[in-house]
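S.K.: Sequence:
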Amino acid sequence: MATQISSDIATEVDITARKDDSFFLRVTLTKADGTAYNFSTYDKSNLIVLNSNGEIVRDFRSATTSVNLPNVASAISLTNASTGILTISTAGSNMSIPKGTYSYRLAIENTTETPQEKITLMVGKFKINA
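Just so you know, we're using our numbering here: the sequence shown kicks off at 1 and counts up by one.
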């Protein structure tokens, strides 16, 4: 029997939100051994919501650069990065997503180091209720 090794560390978590309501999610991300991730060196994060065709419905970002929907700037905070706490928060006007079930992925990036590093932390279904 072959030994298996996986570099996929993403945790599968389903999220439910309500259309046109403010959205707030605070998560503490931990490693398999129970210790918190330290995101102090990461400078970028995003939660991308995709439809069944793989098209971006929303891209919640940590970047503060002004963008238009489906992109939402300043929606993710890594302010408690050393303790693995990541906060996603946005106004109801950014949640005008049609009712349905989508997929998502939440990732962080370190774009200042060489080599650059991107880690997908969470994946799953993103359900929007009417």
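Heads up, some of the hints might be wrong.
Simulated DEER-style distance windows between Cβ atoms [unchecked claim]:
(1) S89 x Q4: 20 to 30 Å
(2) T101 x S6: 39 to 49 Å
(3) L69 x V13: 35 to 45 Å
(4) Q4 x S74: 38 to 48 Å
(5) E117 x K19: 16 to 26 Å
Below, a list of computed lysine-lysine pairs in the DSSO-like style, where the Cα atoms sit at most 30 Å apart [what the hints assert, rightly or not]:
(6) K31 x K125
(7) K44 x K99
(8) K31 x K44
(9) K127 x K99
(10) K19 x K44
(11) K19 x K125
(12) K125 x K44
(13) K127 x K31
(14) K99 x K125
(15) K19 x K99
(16) K118 x K44
(17) K118 x K31
(18) K31 x K99
(19) K127 x K44
The hints are simulated quantities; they were obtained by calculation from the structure and are not laboratory data.
Don't be surprised by glycine CBs; every beta carbon is placed ideally from N, CA and C.
S.K.: Would you mind marking each hint as holding or not holding in the structure?
M.R.: Structure-based check of each hint:
1. Restraint check, S89 to Q4: a C-beta distance of roughly 38 Å breaks the suggested window 20 to 30 Å.
2. Hint check: T101 to S6, Cβ distance near 26 Å, so the stated range 39 to 49 Å is violated.
3. The beta-carbon spacing between L69 and V13, approximately 24 Å, falls outside the hinted interval of 35 to 45 Å.
4. Judged by the Cβ atoms, the range 38 to 48 Å given for Q4 and S74 holds: they are separated by roughly 40 Å.
5. In this structure the hint that E117 and K19 lie 16 to 26 Å apart at CB is violated, the actual value being about 35 Å.
6. With a CA separation close to 21 Å, the supplied pair K31 and K125 stays within the 30 Å bound.
7. With a C-alpha separation of about 29 Å, the suggested pairing of K44 with K99 holds against the 30 Å cut-off.
8. Only pairs whose Cα atoms come within 30 Å are accepted, and K31 paired with K44 is accepted, the gap being roughly 19 Å.
9. At most 30 Å may separate the alpha-carbon atoms for a hinted pair to count; K127 and K99 meet this at roughly 8 Å.
10. Note on K19 and K44: the hinted pairing holds, with a Cα-Cα distance of about 26 Å set against a maximum of 30 Å.
11. For the suggested pair K19 and K125, the alpha carbons sit about 15 Å apart, so the restraint of at most 30 Å is met.
12. For the hint pairing K125 with K44, the CA-to-CA distance comes to about 22 Å; that is within 30 Å, so the pair holds.
13. With a CA separation close to 26 Å, the supplied pair K127 and K31 stays within the 30 Å bound.
14. A distance of roughly 13 Å separates the Cα atoms of K99 and K125; the hinted pair therefore holds under the 30 Å criterion.
15. A hinted pair counts as satisfied when its Cα atoms are at most 30 Å apart, and K19 with K99 qualifies at roughly 7 Å.
16. Simply put, K118 and K44 have alpha-carbon atoms about 9 Å apart, close enough for the 30 Å limit, and the pair holds.
17. The suggested pairing of K118 with K31 holds, with an alpha-carbon distance near 16 Å, which does not exceed 30 Å.
18. Taking the CA atoms of K31 and K99, the gap is near 33 Å; set against the 30 Å cutoff, the hint is violated.
19. Restraint check for K127 and K44: satisfied, since their Cα atoms lie roughly 24 Å apart, inside the 30 Å limit.
Consistency with the previously given hints fails for numbers 1, 2, 3, 5 and 18, ordered from lowest to highest.
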